[in-house]
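All chains should be built: construct the whole structure from the sequences, respecting the hints.
The sequence shown runs 1 to 307 under our numbering.
Misleading hints may appear alongside valid ones.
Taking CB as the label site, the calculated pair distances span [unchecked claim]:
#, residue 1, residue 2, range
1, G84, P59, 33 to 41 Å
2, R88, D189, 58 to 66 Å
3, L242, L293, 15 to 23 Å
4, A89, L242, 25 to 33 Å
Treat the hints as calculated values from the structure; they're not laboratory data. Quantities reported herein were computed from a predicted structural model and do not represent experimental measurements. We put the beta carbon where it would ideally sit given N, CA and C, even for glycine.
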Amino acid sequence: MYERLLPMILILACGLAWRQVLPGGIPMQQVRQVLNTLVINLLVPALIFGVFLNAHPEPALYRVPLVALATISVCLGAGLLVFGAMLRAGRLTRAEAGAAVLAVGFGNGLGAALAVVEGLFGGTATRVPLMYEMFATVPVHWSLGVALAAWFGGAAVGWRSALVVLRMPPFWATLVALAVNASGVAVPDSVVHAFGVLGQASVPLLLFVVGSTFTFKGLSRLSVLVPVVLLRPVLGVAVCLLAARALDLDGTLLTATAVVAAAPSVAVGIAICERFGLDSALFTAALTVTTVLYVLLAPVLVTMVGG
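If you want it as structure tokens, here you go:
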């Protein structure tokens, strides 16, 4: 099963190596900004159209966001309890606590999880991380997540920040693709194929960007990183399985949803931390650790849940 993830590992390594070498002398931050703009505004919407227009989604797929919301809510709540207690005890600063809460609350469904699900289950299963991300992670992250980041950073945040999701093309692409699919409108196979080919470029570029954020600094901060690891993938999977079984998810849909729930911290959290004065170095260390563990343990999780 690990051989299916080898391309993902190599692309992550390429991102890390590129940041060290910087071919062409272009700053890594500028490279990430350009790639993120391309991926979010063009490639991911194309991927969504290619996936959801290819076949009718099974009805149970629409229960995935409910499982996701339950998982995110419990992980965020647990993060606030644990790191809030450490903050009150003087073991963390507000900047550190805020970064840790964000690292625990939100997984990278459009990065690592998308690649792992595609590698382990095939292209049709990518509907799971897309539904999980677009109708749960993205809306909650850009509303409650941003509000929490602002609170820990001591900054004011306006209600308009919650509307940023409405300016994200992947969100609307998902709604349109599902609506077209449900309406029975026939989309030419050549158009669907073109979307699929274009969308295939999104996964390696997302992984490249994630790999370029990896850092070995701050990995000694075990007092924070250990709780992050226990809460992000471990608690996330436990809550996901309980919620998924309560909603009658089973088979590949259940296993793929659990794999997404275990996803590492979302990469855009680095920018959120920098925007609100949180400890971005700590968040990046958490992202590095959770991503490496995710790649190593995802096949084990598939065997445990699927078996």
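Okay, the hints, checked on the actual structure:
Taking 33 to 41 Å as the suggested C-beta distance range, the pair G84 and P59 conforms, at roughly 39 Å. Taking 58 to 66 Å as the suggested C-beta distance range, the pair R88 and D189 conforms, at roughly 59 Å. Roughly 22 Å separates the CB atoms of L242 and L293, a value that falls within the hinted 15 to 23 Å. Roughly 30 Å separates the CB atoms of A89 and L242, a value that falls within the hinted 25 to 33 Å.
Of the numbered hints stated above, none is contradicted by the structure.
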